[in-house]
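Novice: Given next are the chains, with one letter for each unit.
Number of protein chains: 2
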Amino acid sequence: MPPVSRFLPCLSWLKVYRRDDFPADLLASIIVTIMLIPQSLAYAMLAGLPPQVGLYASVLPLVGYALFGSSRTLAVGPVAVVSLMTAAAVSQVAVPGSPDYLAAAVALAFLSGLFLVLIGIARLGFLANLLSHPVINGFIGASAIVIAASQLKHILGIDADGHSLLALGRSLAGQVTAAHLPTLIIGTASIVFLFWVRKQLKPRLITAGMNARLADVLVKAGPVAAVIVATAAVGLFALAADGVRIVGDIPQGLPPLTLPPVDAPLWADLLPAAILISVVGFVESVSVAQSLAAKRRQSIDPNQELVGLGAANIASGVSGGYPVTGGFARSVVNFDAGARTPLAGVLTAGMIALTAVFLTPLFFHLPNAVLAATIIVAVLSLVDLGAMKRTWDYSKSDFAAMAATILLVLTAGVEAGIIAGMIVSIALYLWRTSRPHMAVVGQVAGTEHFRNVDRHAVVESPTVLTIRVDESLYFANTRYLEDAIGRQVAARPEIRHVVLMCPAVNFIDASALESLEMIADRLKAAGTTLHLSEIKGPVMDRLKRSPFFDHVDGEVFLTQHDAMAALDPETTAQADAGQRPKTPAAARARPEAAE
Amino acid sequence: MPPVSRFLPCLSWLKVYRRDDFPADLLASIIVTIMLIPQSLAYAMLAGLPPQVGLYASVLPLVGYALFGSSRTLAVGPVAVVSLMTAAAVSQVAVPGSPDYLAAAVALAFLSGLFLVLIGIARLGFLANLLSHPVINGFIGASAIVIAASQLKHILGIDADGHSLLALGRSLAGQVTAAHLPTLIIGTASIVFLFWVRKQLKPRLITAGMNARLADVLVKAGPVAAVIVATAAVGLFALAADGVRIVGDIPQGLPPLTLPPVDAPLWADLLPAAILISVVGFVESVSVAQSLAAKRRQSIDPNQELVGLGAANIASGVSGGYPVTGGFARSVVNFDAGARTPLAGVLTAGMIALTAVFLTPLFFHLPNAVLAATIIVAVLSLVDLGAMKRTWDYSKSDFAAMAATILLVLTAGVEAGIIAGMIVSIALYLWRTSRPHMAVVGQVAGTEHFRNVDRHAVVESPTVLTIRVDESLYFANTRYLEDAIGRQVAARPEIRHVVLMCPAVNFIDASALESLEMIADRLKAAGTTLHLSEIKGPVMDRLKRSPFFDHVDGEVFLTQHDAMAALDPETTAQADAGQRPKTPAAARARPEAAE
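Same order as they appear, the protein sequences are chains Z and D.
Mapped onto my numbering, the consecutive letters of the first sequence carry residue numbers -11 to 583.
Mapped onto my numbering, the consecutive letters of the second sequence carry residue numbers -11 to 583.
Keep in mind that the hints were calculated from the coordinates and are not lab data.
The reader is advised that the hints may include incorrect statements.
When chains are identical, the list treats them as one kind, so a pair holds in a single copy or across two.
Unchecked claim - Using 30 Å as the maximum straight-line C-alpha spacing, the simulated DSBU-like pairs for lysine-lysine come out as follows:
| id | residue 1 | residue 2 |
| --- | --- | --- |
| 1 | Lys377 | Lys524 |
| 2 | Lys512 | Lys190 |
| 3 | Lys283 | Lys532 |
| 4 | Lys283 | Lys3 |
| 5 | Lys190 | Lys283 |
| 6 | Lys512 | Lys283 |
| 7 | Lys512 | Lys377 |
| 8 | Lys532 | Lys384 |
| 9 | Lys512 | Lys187 |
| 10 | Lys283 | Lys377 |
| 11 | Lys283 | Lys187 |
| 12 | Lys532 | Lys512 |
Start from the sequences, fold in the hints, and give me the full structure.
Specialist: Structure (structure tokens):
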């Protein structure tokens, strides 16, 4: 890519923009706008912010992403999990509903944007990889439950708060008897309707002969229908006077562009949350972008995605919005509706801006309970018990990381949860690689293959011990290697040569190098020689640059068969000729190291 | 091992103790005692404690280790680095010289002992592996410099303090003009003498016909000679009256056995330091123990070592001592002097106890400057610039972890240094494995071998892309894999099959499994099929337990050659027949992924 379009990916699609791309982009943008309006209002409410803030976060951020993002079809804006994280972070530094609360949310978007742009420029996108899939799935599932629980107060028409399930439950339980009946009816009816649309409507439309794609788009418009009907009903029957809480007055227009004031103590308080929100938002967004790009054989540059999302958040921070990221459902709708370029996003932004300027009076009678219902129905689809079961079946350690995340999100809050998940998964990975799989191997009679003595009837030399290591050697597993070799050699005094077979050793770090030197020295002191076999090219290149071969008297053999032929020609000749050992190797005394 | 001797390893050597083992153990214990007395006094001074505390820490802890430790020849007691760490930790909770300071040091030993025993019983010894060798070397080297600097005040006869080099330097610089001349002469003379003993005496003795081992032992006794001469000189010339600071009155006897009072806030303050001291002490100690054990084909159980060192520290905590661990120099002396069993340690303990009871008046005129000189000369031998150079040459990332450790020890203190080193080395390891080595491979004409297309002239199929991955697949590198495959396939539209060749993939975690499913789905959407080849047995077993093969339409081939023969029989037949491609594979357009 030429330098300029590398930093401004929009140039690459603007240059080749064709007249017939426009109708496709326009249609997609209309559909996404219809979907995005109720979502923006609802997620702003979830974040504890006035509804118009959701609209503001759906204007300039979309333009920012269109200029700098690398996905052609990603649709950015407020999303559920990031809204919850915003609420959790901002309510720690300001009172919900206060001007400070709004200012902190705006500052959070700006900070998060700066952070994303910085790590994008520094090409540190790989940091996001530290979140494993089970941790993300557990985090999103548990967050969905906390989000749904946090919206129950709107369905019940009562006040309650708390950012963990425990706190919320306690708060709700205390007031459930004070539930407001008309609100409860509106909320429950909306939930039932939205679930029906999601589960039942699409198959019926298709049975009735409708095109599957169109049916899908209609289903996605369900929340809009609920909003229109409920707003009309509340308006017509003046239910607000009966105590049904409504959105009420929304200022018309867009806030002026302004840099958030530099408030060092506030920024310092918000920084950890900004980092977490950035990472979670990026991980969510980039996987959607990659899935969509792959379908059209396009590709995504993760570091450019960081810059794109960063630009979107900076745009949000200077235009009165709050943290945004790429949304899964809306991006799929955008893609399926035929969007070809990010111009669709710019068009969506324009329509949302028009909405904010002209249409907000229409939302006056919109009941909060309907917004809460759309949130509940949207997030509960994120709870994936099947994924938990699959993770449990596949890997207990992955499940442990997931369980720690879920448990902490539910009991201690979203931030504690995601951090715990990250620490547990890193710790378990280190633990796993710190106990590498090793096998004592012998020759398969009549071949030049070497296999685990515990699994196969192979020929083993009485004087040469060969250990195959199935892991790269690094600081966390060198002591394990020392122990294993030490135990084997201590148990078999007749051993004169130890061969370390390294076909799966992808690197040897400085600690492991010292360990190997130490092992060689110790073996030498006990009258035994250390050899290596089947070392990979790049690993060997490094070893040659080190004083390793000054310590090691033994040789490096290209193949394990070469090693055996040199160190125990007699046994090897027998094995080559296909003679099996008299006593099977597995019957001999051997310590437990040969796992 | 039978259950009882498993928890009390002393039973296994006591059972077979022979009469002629005793003279060997006794001789070794006498030599170690002579070496340990000045060290104990000096290291207690380094820890900011009264000199007798060093003696107390050299009595019961030795017995505790003899009962529970698994090394036959390790000699425990106060050591330099742990003494420095003790000073750093305890001076944060109490004023040096106060009774609280002593009480906190004793509590620290007790806590550290409890922690070591607990992780030993829980078999969590692998935690210590998170300290890489370069981090340990950097830590010890930098600590040695801080220790040496902290002793300069005793050589100069002035007051100064601080636990980082910066603080110390500032404190010393302010008072260097107030240096006390007689003290400076004693201190400098001792340093020169001790360096001379270390560097010159041994070769001269050997040239004069002395046995090398005996020469070694004599050299180790250098500090005792310095202590005796200096004490006699200060006593005879009454230099204490001139202002030379001396050890002075040391209470005769041993403190009564007593549990340290449970002081929850103090213990909570000390716990992080206790954990760090335990880990550092363990790492130091176990590597000495393993080296010595290997020389006699004995073996060490790291978890039992934790229990042994834990017992030693608990013993120190109930007998008025401070944290201890296995010392390098004294263990080597013990081994070389012929110690056969831990009884040598018990005998040493008895002799130190007798010293504490009867001989302390002899130390009255011992000048602090001589103790400081022994510390300085001992620790400066730990600064290993060669190791730094070797690490730099071998691996820049290992060097980065080492440099971070050194920098932080020197500027921010020992605890910050070791924690920074641990974080940097883990982060760099994750970074390294997050960018696995991958190669696009092709067939070596005339063979069934497959090699990197960028390094070898190989036959590549126009429709089948084979990527070999040289790393286990886990959460931190799955996105890299997705990117790499996505880029390759996007760049070569004629590709119909992608084969992932996995001979060095030792495990696939749940994140990587999902990624592979996602890659398969994306490839399918683009009209391409994902296949696997050369998967290891245990990895395949796991895959079979998952719904992976519901996603993947492709096949799993036992060998890469099978895969090519099935997916592109024509090209493979040509390659088998030894026909080289018309255009060399490397000449074709290919994105940068094939590193």
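Novice: Which numbered conditions among the earlier hints are violated in the structure presented, ordered from lowest to highest?
Specialist: Nothing - there is no hint that the structure violates, so all of them hold.
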